[in-house]
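From first to last, the protein sequence lines are chains A and B. My numbering applies: residue 526 is where the first sequence begins, and numbers increase by one. My numbering applies: residue 2 is where the second sequence begins, and numbers increase by one.
Honestly, the hints are just simulated from the structure, not real lab data. Any given hint could turn out to be false.
[What the hints assert, rightly or not] A few chain A residues that don't get close to chain B, going by computed Cβ distances all over 12 Å:
| id | residue |
| --- | --- |
| 1 | Q542 |
| 2 | S543 |
| 3 | P586 |
| 4 | E593 |
| 5 | L595 |
| 6 | L640 |
[As the list claims (entries may be wrong)] Label-pair ranges, simulated between beta-carbon atoms:
| id | chain 1 | residue 1 | chain 2 | residue 2 | range |
| --- | --- | --- | --- | --- | --- |
| 7 | A | R589 | B | P113 | 40 to 48 Å |
| 8 | A | L609 | B | N66 | 37 to 45 Å |
| 9 | B | Y52 | A | G578 | 27 to 35 Å |
| 10 | B | R67 | A | L609 | 34 to 42 Å |
Think of the CB as a built atom: it goes at the ideal place given N, C-alpha and C, for glycine as much as any other residue.
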Amino acid sequence: EAGVAQSPRYKIIEKRQSVAFWCNPISGHATLYWYQQILGQGPKLLIQFQNNGVVDDSQLPKDRFSAERLKGVDSTLKIQPAKLEDSAVYLCASSLMSGAGSNDYEQYFGPGTRLTVT
Amino acid sequence: RKEVEQDPGPFNVPEGATVAFNCTYSNSASQSFFWYRQDCRKEPKLLMSVYSSGNEDGRFTAQLNRASQYISLLIRDSKLSDSATYLCVVNIGNTGFQKLVFGTGTRLLVSP
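Work out the full structure, taking the sequences as your base and the hints as a guide.
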C-alpha cells in the first residue's frame, strides 16, 4: 500500500517569498492533517480536513497560511509571505476516518517538507 | 503549563537495559493516548496506543493513570534499533474528531 506522498522534500526561500506544499494521502483516507514541526519540538496541528471540509484550523496563522483540499483527496498548504520563524518540517498525515469511534485510528505521516526561510 | 510534558532526555542506556519514559498531560477530558516513535529526520510512526488497563507489545509496555494524568512507556531489553525519539501523544478532540497534541519527545540513545 502506498504511503502518504509529499512534495517537495526540501525548500529554501527568502523571507517574504511564497511557498506551497503538496500532499497526497493514502487512498481511501477521508481525514487529512497538516502539522508543523519546529526543530526540537513535537508536531503541532495546523489544519484538519474531513473529505474536503475543514474540521479544525484553530492553530493555523490565517494571515499568512492557507490550505485547501478541493476534491477531498490531495491537499496544498501555502505560506505567503514567509517569515524566518516558519522554518520547520511540514508534515502531512492521513487517517481512515475521524468522528465518533475513531479515537484509536492511526494517523499515517508522510516524509515531510523541510522548509528553510533565510 | 504545556498540554503534554515530557523529559527531552537524552536517555543514554546500554544494550539490554530497561528504560522508562514518563509523560504528563493537562487536559483531564483527553480521550485517548498514544506513543509515537520518530527516527532522526524521519516522520513519526505509531508505536502503540495506551489503555487504562495497561498494554504490552513485545518488549514495550504502556501504562495510563487518568487520576494522575500520567502516561508511561517501559522498554525492556533495549536494542540498538530502539534509538529514536519517543513522542507522547494525547487526543484532546471533543467533537468526535481526533485532535492530537504531541509532546516534545524523549530522545533515547542505546549504545553497544
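Between L609 (chain A) and N66 (chain B), does the C-beta distance stay in 37 to 45 Å? 41 Å, holds
Hint check for G578 (chain A) and Y52 (chain B) - Cβ pair distance inside 27 to 35 Å: 31 Å, holds
Using the Cβ atoms, figure out if R589 (chain A) sits within 40 to 48 Å of P113 (chain B). 47 Å, holds
Does the claim that E593 (chain A) lies outside the interface with chain B hold up, using a Cβ gap greater than 12 Å? The claim holds: E593 (chain A) sits with its nearest Cβ about 19 Å from chain B, beyond 12 Å.
Cβ separation check - P586 (chain A) to all of chain B, threshold 12 Å: 18 Å, holds
For R67 (chain B) and L609 (chain A), compare the CB-CB distance with the range 34 to 42 Å and indicate the outcome. Distance hint for R67 (chain B), L609 (chain A) holds at roughly 41 Å.
Quick check for students: does the CB of S543 (chain A) sit more than 12 Å from each CB in chain B? Consistent with the label, S543 (chain A) stays out of reach of chain B, its closest Cβ about 25 Å off (over 12 Å).
Chain B versus Q542 (chain A) - minimum CB to CB distance exceeding 12 Å, so not interface: Correct as stated: the minimum Cβ-Cβ distance to chain B is 24 Å, above 12 Å.
Does L595 (chain A) really sit off the interface, with its C-beta more than 12 Å from all C-beta atoms of chain B? 20 Å, holds
Does L640 (chain A) really sit off the interface, with its C-beta more than 12 Å from all C-beta atoms of chain B? Nearest chain B Cβ is 14 Å from L640 (chain A), so the label holds.
In summary, this structure violates none of the numbered hints.
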